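S.K.: This is what each chain is made of:
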Amino acid sequence: MTDAELIAKLQADLGSRAEIASPGPRRLFLKVAAADIVTVVTRIRDAFGVVFLSTISGVDTGTAFELLYHFSIPEQDLNVRTEIPREVPRVASISPVIPGAILYEREIQDMFGIVVEGIPDGRPLVLPDDWPEGQFPLRKDWKFVRPAEVIPGGES
Amino acid sequence: MSFQIPIGPQHPALKEPISLRMTVEGEVITDADIRLGYNHRGIEKLAEERNWIQNIYLMERICGICSHSHATCYVQAVERLMELVPPKRGLYIRYLVSELERVHSHLLWLGVAGHEAGFDSFFMYTWRDREIVMDLLEMVSGNRVHYAINTVGGVRRDLDEGQKAKILEGVAMLRKRSVYYFKIGASEPSFVARIAGVGLLTKEQAVALCAVGPTARASGWDRDVRKEDPYAVYDELEWEVATADTCDVLGRVVVRVKELLQSYNMIEQMVQGLPAGDITVKAPRKAKPGETVSRYEAPRGENIHYIKSNGTEKPERLKVRAPTLANYAATVVMLKNGFIADIPLIFAAIDPCICCAERSVTLVDGRSGEESIVRTSDLRRRALARPANALVKGKAVWPF
Amino acid sequence: MLDKLARWSRIKSPWILHLNSGACNACDIEIVAALTPRFDVERFGILLRATPRHADVIIATGPVTRQIKDRIIRIYEQTPDPKFVIAVGACAMAGCVYRGAYNVMGGLDQVIPVDMYVPGCPARPDAIIDGVVKLLGKL
Amino acid sequence: MALLRTLLYLLVYPGLIFLFVYGTFSEWFDRKVYARLQNRMGPTHTGRFGLLQPVADFFKLMAKEDVVPEAADKGFFNALPAFGLAVVSTAALLLPVWNFNLANPGWTSFSGDIIVILYLLSLPTLILFLAAWSSTNLFSTIGGARVLTMLFGYEVPLFLAVLSPAILAGSWRLAEIAAFYQARPVLLLVNVLGFVVAVIAVQAKLERTPFDIPDAETEIVGGTFTEYSGKKLALFRLTFDVELVVASGLLAAVFLGGFPGGALLGFVFFVIKTLFIIFLLSLIRALTSRIRIDQVVSFSWKILAPLAVLQLLITILVKGFLS
Numbered sequence: 820m821t822d823a824e825l826i827a828k829l830q831a832d833l834g835s836r837a838e839i840a841s842p843g844p845r846r847l848f849l850k851v852a853a854a855d856i857v858t859v860v861t862r863i864r865d866a867f868g869v870v871f872l873s874t875i876s877g878v879d880t881g882t883a884f885e886l887l888y889h890f891s892i893p894e895q896d897l898n899v900r901t902e903i904p905r906e907v908p909r910v911a912s913i914s915p916v917i918p919g920a921i922l923y924e925r926e927i928q929d930m931f932g933i934v935v936e937g938i939p940d941g942r943p944l945v946l947p948d949d950w951p952e953g954q955f956p957l958r959k960d961w962k963f964v965r966p967a968e969v970i971p972g973g974e975s
Numbered sequence: 214m215s216f217q218i219p220i221g222p223q224h225p226a227l228k229e230p231i232s233l234r235m236t237v238e239g240e241v242i243t244d245a246d247i248r249l250g251y252n253h254r255g256i257e258k259l260a261e262e263r264n265w266i267q268n269i270y271l272m273e274r275i276c277g278i279c280s281h282s283h284a285t286c287y288v289q290a291v292e293r294l295m296e297l298v299p300p301k302r303g304l305y306i307r308y309l310v311s312e313l314e315r316v317h318s319h320l321l322w323l324g325v326a327g328h329e330a331g332f333d334s335f336f337m338y339t340w341r342d343r344e345i346v347m348d349l350l351e352m353v354s355g356n357r358v359h360y361a362i363n364t365v366g367g368v369r370r371d372l373d374e375g376q377k378a379k380i381l382e383g384v385a386m387l388r389k390r391s392v393y394y395f396k397i398g399a400s401e402p403s404f405v406a407r408i409a410g411v412g413l414l415t416k417e418q419a420v421a422l423c424a425v426g427p428t429a430r431a432s433g434w435d436r437d438v439r440k441e442d443p444y445a446v447y448d449e450l451e452w453e454v455a456t457a458d459t460c461d462v463l464g465r466v467v468v469r470v471k472e473l474l475q476s477y478n479m480i481e482q483m484v485q486g487l488p489a490g491d492i493t494v495k496a497p498r499k500a501k502p503g504e505t506v507s508r509y510e511a512p513r514g515e516n517i518h519y520i521k522s523n524g525t526e527k528p529e530r531l532k533v534r535a536p537t538l539a540n541y542a543a544t545v546v547m548l549k550n551g552f553i554a555d556i557p558l559i560f561a562a563i564d565p566c567i568c569c570a571e572r573s574v575t576l577v578d579g580r581s582g583e584e585s586i587v588r589t590s591d592l593r594r595r596a597l598a599r600p601a602n603a604l605v606k607g608k609a610v611w612p613f
Numbered sequence: 280m281l282d283k284l285a286r287w288s289r290i291k292s293p294w295i296l297h298l299n300s301g302a303c304n305a306c307d308i309e310i311v312a313a314l315t316p317r318f319d320v321e322r323f324g325i326l327l328r329a330t331p332r333h334a335d336v337i338i339a340t341g342p343v344t345r346q347i348k349d350r351i352i353r354i355y356e357q358t359p360d361p362k363f364v365i366a367v368g369a370c371a372m373a374g375c376v377y378r379g380a381y382n383v384m385g386g387l388d389q390v391i392p393v394d395m396y397v398p399g400c401p402a403r404p405d406a407i408i409d410g411v412v413k414l415l416g417k418l
Numbered sequence: 030m031a032l033l034r035t036l037l038y039l040l041v042y043p044g045l046i047f048l049f050v051y052g053t054f055s056e057w058f059d060r061k062v063y064a065r066l067q068n069r070m071g072p073t074h075t076g077r078f079g080l081l082q083p084v085a086d087f088f089k090l091m092a093k094e095d096v097v098p099e100a101a102d103k104g105f106f107n108a109l110p111a112f113g114l115a116v117v118s119t120a121a122l123l124l125p126v127w128n129f130n131l132a133n134p135g136w137t138s139f140s141g142d143i144i145v146i147l148y149l150l151s152l153p154t155l156i157l158f159l160a161a162w163s164s165t166n167l168f169s170t171i172g173g174a175r176v177l178t179m180l181f182g183y184e185v186p187l188f189l190a191v192l193s194p195a196i197l198a199g200s201w202r203l204a205e206i207a208a209f210y211q212a213r214p215v216l217l218l219v220n221v222l223g224f225v226v227a228v229i230a231v232q233a234k235l236e237r238t239p240f241d242i243p244d245a246e247t248e249i250v251g252g253t254f255t256e257y258s259g260k261k262l263a264l265f266r267l268t269f270d271v272e273l274v275v276a277s278g279l280l281a282a283v284f285l286g287g288f289p290g291g292a293l294l295g296f297v298f299f300v301i302k303t304l305f306i307i308f309l310l311s312l313i314r315a316l317t318s319r320i321r322i323d324q325v326v327s328f329s330w331k332i333l334a335p336l337a338v339l340q341l342l343i344t345i346l347v348k349g350f351l352s
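Chains as they are written, first to last, in my numbering: chain A, 820 to 975; chain B, 214 to 613; chain C, 280 to 418; chain D, 30 to 352.
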């Protein structure tokens, strides 16, 4: 299936729920609303056989969080994008649909502080155990201040 | 009687820090849990503070074994963002190094598999041969491990005739030796008895759990980014995807051996068909705003970089998904109902590259009992959830 | 006399424990490569041991992540005296490219005392052997 | 004079000092063969050809700090290494190393000493298990359980294999068995099958690849020795070296016709024959990979034990034919 054919089919199937763009060969970007994410993922899994989730990327755009679900099928890369408001960082889990997604959802929870609702096993995990609560390193407004280093054999 | 044994974070079978916690009944594993986070360095945050060129060197240091994979995947993405077309000769040299790296990584893995099975002679022999490919890499790039041969828009060093001849010579030698050793390895009954039928992962499970690379291919799923999404030179070469259908550790060995032989062929084709011309084009300092996804078949499986640019010298967001991470879910399935003795083998069979997987990520957590490496808020909930976690010997002092 | 014997045996039989404190693997594979036929450190009586109780020399790589810091201190304490620590690679010396990242301590000497530094990113096997030999020369 | 002679026997040759020296030498020999088979040099720079390497290891460990884990059973933990060494050294005294007067046996040679030596060789295994158990480390505990499981596997084939030459010789005294085969060397060929079984079983007894399951470092770290350090570890290593000598000496005495020809020639025979067996053991170590514990048990009972029984049958048939 070529890119154009797939776009046409997806557009016909998903209708107004998704905006589809293709910035380069074999790369498709779908934009869906946060509320629709589970529906769309279920639909593309069932109708198009998209079962392989490569990863989920989070981006802090400054005004909102953007989540990208990178799926791959033999010929194309399908990237489903959704935006979540910064004030209410919540998104539904797609783990019931794609079991392999759980790892990436946990990562998102830890690094961005986005609450993934309905995640089967949502223990906080990414960061060290002595990590302070409420600190999310990949948010743009989070800055790391390096503590003073010890100079071995020196003063202090 | 069931009790838990911790494997790691410092364990001789794992050259990298990771913690596996196995619940065992006698010698049989009933449950497995993986806790990462020991190797989390925060590279994705660092990458946002460095410019496009500096990031190449940071990406290389995500992992020492597949350093070229990450750098190449990143450079591919940046070139797409900057709309650069590297010259053909540059691409050939870049992917020549890729295949040499695959050879070194697979030889390394075969040796490690032998070592995990207690077959140290096999380990010594494959690592001796690995030195040949290390020498070739050093000759091509000037470095044994972090090759630093990529740059945005091409590669940094050219090949001359003498080097080409040496590569061909080295590959011919390696092919001869590999074939011989694998015959021996395949006919050593105690080794085969250890790896056949161990760590089963059916094709359905591999698909459901999103396994990648040789792990998926050994379950009969012919997924290879080099074929699916042929980047750069791979559609000009003659090769085929290596698969096996035994779904066990033996199959993973077979897949890697087949890939080695394929790589030797590809290296020869690339050296012989090396086009003339420049090796690099000039790259701008800033990339246009935009985003791209770059895929690359690393020795361990599919490698994905997602890059978003905001038009400055630095990336807005750089996301790395290393192949090992994708295979962890499958590993937990493979470990269940195995023997203690099989843990290192099964775990090694996905060729875990923990530093790759952990440049930012972690997953399933597994510690409990008096060793609180879990958060205290979490401890209570887990204590309630799994009362069977108590240790048989409460006073035991763990060496690790 | 006994002291002399002990010192001689210590120089001749350094058993090492390999410790990865969050390195990128490069130094680690070079350490393992030092065991293999081309470099073969067993010539000098160096053996790679599995547990810290048996080790004399801890060879550590990596910039020390926050998570593994406690483990490193514990392994150091479990190693019986006399013990020596070699920091292999630029990361273990000062953090290398990870310097300034939020999750690394930036060097092994921030956590445990270090006797010898082996530079390089990664350090070559020859350099690692040289480091061990120089350390033994200090005794 | 007799007292001095006995003391000399006990302490110098073939007693403790000789045993320790020869034990370290055989460890060197084993390591060197193993390394050469792997394309490496092995110990080279400690003494001539690295001969002093095991000695250096021993002294270094003796000079190291001795850590006793808090949770360990201290009495057992401290006593067992010395006890193990004592047991294997006692077993060594029973070897017919120097010239025995068959008509007038000394107190180290008596009818039934072959049984005693076999039992004395079983004791280190039990000591190892106790040592592992008393260190209360989880890896050690698993190692200890594996030690016992393996004992269950290899012990019976070893006994059957070693006893069948004795049945053919019609004696339970090592010196007499050796003398029997020295008189009729052709009969040694009858026991070839038993020899193979015994070599494999001894490999298992000494916990070397492919049977190094109790201290498989990639699985359970240091296994039984995880918590041992310093002097105690040194003693355990020495125990294993001496056990290697004793076990190969036993095989040489039973299967290779003993050590004839008086003190000097007997000594030369002893060295040659034991080194030959140690060489075989090193060969097995280099050429195999570690097998699983369940595979050990099934291998022992499905292959080794039937072979040993077959050997026993052959022996009985040959004995009937001879008489």
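By construction, these hints were calculated from the structure, which means they are not laboratory data. Here the structure is a predicted model, which means the values were calculated and not measured. All C-beta atoms, glycine included, are put in the ideal place defined by N, C-alpha and C. Take the hints with a grain of salt, since some may be wrong.
[Said to hold, decoys possible] Chain B is nowhere near these chain A residues, computed Cβ spacing over 10 angstroms in every case:
id : residue
1  : A823
2  : K828
3  : P842
4  : R845
5  : L872
6  : T874
7  : V878
8  : D879
9  : A883
10 : E894
11 : D896
12 : N898
13 : S912
14 : V934
15 : A967
[Stated by the list, open to error] Taking lysine-lysine and the DSS-like style, the derived pairs with C-alpha atoms no more than 30 angstroms apart in a straight line are:
id : chain 1 : residue 1 : chain 2 : residue 2
16 : A       : K962      : B       : K379
17 : B       : K389      : A       : K962
18 : A       : K959      : B       : K501
19 : A       : K962      : C       : K348
20 : C       : K348      : C       : K362
21 : C       : K283      : D       : K260
22 : D       : K260      : C       : K417
23 : A       : K828      : B       : K377
24 : A       : K962      : B       : K416
25 : A       : K828      : B       : K549
26 : A       : K959      : C       : K348
27 : B       : K301      : A       : K959
28 : C       : K362      : D       : K260
29 : B       : K549      : A       : K959
30 : A       : K850      : B       : K377
31 : B       : K377      : B       : K389
32 : C       : K283      : C       : K417
33 : B       : K499      : A       : K828
34 : B       : K379      : B       : K416
35 : B       : K527      : B       : K301
36 : B       : K501      : A       : K962
37 : D       : K103      : B       : K396
38 : A       : K850      : B       : K440
39 : B       : K501      : A       : K850
40 : D       : K331      : D       : K348
S.K.: For every hint, state whether the structure bears it out.
M.R.: Okay, the hints, checked on the actual structure:
1. Look at A823 of chain A: its CB is around 17 angstroms from the nearest CB on chain B, clear of 10 angstroms, so calling it non-interface holds up.
2. The beta carbon of K828 of chain A is kept farther than 10 angstroms from every beta carbon of chain B, the shortest such distance being approximately 19 angstroms.
3. Listed as outside the interface, P842 of chain A is inconsistent with that label: its C-beta sits roughly 7 angstroms from the nearest C-beta of chain B, within the 10 angstroms cut-off.
4. With a cut of 10 angstroms on Cβ distances, R845 of chain A falls inside the contact zone with chain B, its closest approach being about 6 angstroms.
5. For L872 of chain A, the requirement that its beta carbon stay farther than 10 angstroms from each beta carbon of chain B is not met, with the minimum near 6 angstroms.
6. Interface exclusion of T874 of chain A from chain B breaks down, the closest Cβ pair being 4 angstroms apart, not more than 10 angstroms.
7. For V878 of chain A, the condition that its CB be more than 10 angstroms from all CB atoms of chain B is violated, with the nearest at approximately 5 angstroms.
8. Chain B draws D879 of chain A into its interface by the beta-carbon criterion, the shortest separation being 8 angstroms against a cut-off of 10 angstroms.
9. At the 10 angstroms boundary, the C-beta of A883 of chain A stays outside the reach of chain B, the nearest C-beta of that chain being 13 angstroms off.
10. Against the 10 angstroms criterion, E894 of chain A falls within the reach of chain B, whose nearest CB is about 7 angstroms from its own CB.
11. Some Cβ of chain B comes within 10 angstroms of the Cβ of D896 of chain A; the nearest lies about 6 angstroms off, and the non-interface call is violated.
12. A cut-off of 10 angstroms between C-beta atoms contradicts the statement that N898 of chain A is not in contact with chain B; the least separation is 6 angstroms.
13. Every CB of chain B lies more than 10 angstroms from the CB of S912 of chain A, the least distance being 15 angstroms, so the non-interface label holds.
14. No Cβ of chain B comes within 10 angstroms of the Cβ of V934 of chain A; the nearest lies about 16 angstroms off, and the non-interface call holds.
15. Every beta carbon of chain B lies more than 10 angstroms from that of A967 of chain A, the smallest distance being close to 19 angstroms; the non-interface claim holds.
16. For the given pair, K962 of chain A sits about 50 angstroms from K379 of chain B by alpha-carbon distance, which is inconsistent with the 30 angstroms threshold.
17. With a C-alpha separation of about 54 angstroms, the suggested pairing of K389 of chain B with K962 of chain A is violated against the 30 angstroms cut-off.
18. As the CA atoms of K959 of chain A and K501 of chain B are separated by approximately 20 angstroms, the hinted pair is consistent with the 30 angstroms bound.
19. Annotation: proposed proximity of K962 of chain A to K348 of chain C holds, straight-line Cα distance about 22 angstroms (limit 30 angstroms).
20. For the hint linking K348 of chain C to K362 of chain C, the alpha-carbon distance of about 18 angstroms falls within 30 angstroms, and the restraint holds.
21. Between K283 of chain C and K260 of chain D the alpha-carbon distance is near 18 angstroms, which keeps this suggested pair within the 30 angstroms criterion.
22. For the hint linking K260 of chain D to K417 of chain C, the alpha-carbon distance of about 24 angstroms falls within 30 angstroms, and the restraint holds.
23. For the given pair, K828 of chain A sits about 48 angstroms from K377 of chain B by alpha-carbon distance, which is inconsistent with the 30 angstroms threshold.
24. With a C-alpha separation of about 44 angstroms, the suggested pairing of K962 of chain A with K416 of chain B is violated against the 30 angstroms cut-off.
25. A hinted pair counts as satisfied when its Cα atoms are at most 30 angstroms apart, and K828 of chain A with K549 of chain B does not qualify at roughly 41 angstroms.
26. This hinted pair checks out: K959 of chain A and K348 of chain C have alpha carbons roughly 27 angstroms apart, not beyond 30 angstroms.
27. With a C-alpha separation of about 39 angstroms, the suggested pair K301 of chain B and K959 of chain A falls outside the 30 angstroms cut-off, and the hint is violated.
28. For a cut-off of 30 angstroms, the pair hint linking K362 of chain C to K260 of chain D stands: about 15 angstroms separates their Cα positions.
29. For the suggested pair K549 of chain B and K959 of chain A, the alpha carbons sit about 40 angstroms apart, so the restraint of at most 30 angstroms is broken.
30. A distance of roughly 48 angstroms separates the Cα atoms of K850 of chain A and K377 of chain B; the hinted pair therefore is violated under the 30 angstroms criterion.
31. At most 30 angstroms may separate the alpha-carbon atoms for a hinted pair to count; K377 of chain B and K389 of chain B meet this at roughly 19 angstroms.
32. Taken as a hint, the K283 of chain C and K417 of chain C pair is honoured in the structure, with Cα atoms around 14 angstroms apart against an allowance of 30 angstroms.
33. A C-alpha spacing of about 36 angstroms is found between K499 of chain B and K828 of chain A, which places the hinted pair above 30 angstroms, so the restraint is violated.
34. Restraint check: the Cα-Cα separation between K379 of chain B and K416 of chain B comes to about 41 angstroms, which exceeds 30 angstroms; the hinted pair is violated.
35. A hinted pair counts as satisfied when its Cα atoms are at most 30 angstroms apart, and K527 of chain B with K301 of chain B qualifies at roughly 27 angstroms.
36. Proposed proximity of K501 of chain B and K962 of chain A is supported: the alpha carbons are some 25 angstroms apart, at most 30 angstroms.
37. Pair hint K103 of chain D plus K396 of chain B does not hold up; C-alpha atoms about 51 angstroms apart against a cutoff of 30 angstroms.
38. Note on K850 of chain A and K440 of chain B: the hinted pairing holds, with a Cα-Cα distance of about 28 angstroms set against a maximum of 30 angstroms.
39. About 21 angstroms separates the Cα atoms of K501 of chain B and K850 of chain A, which keeps this hinted pair within 30 angstroms; it holds.
40. Restraint check: the Cα-Cα separation between K331 of chain D and K348 of chain D comes to about 26 angstroms, which is no more than 30 angstroms; the hinted pair holds.
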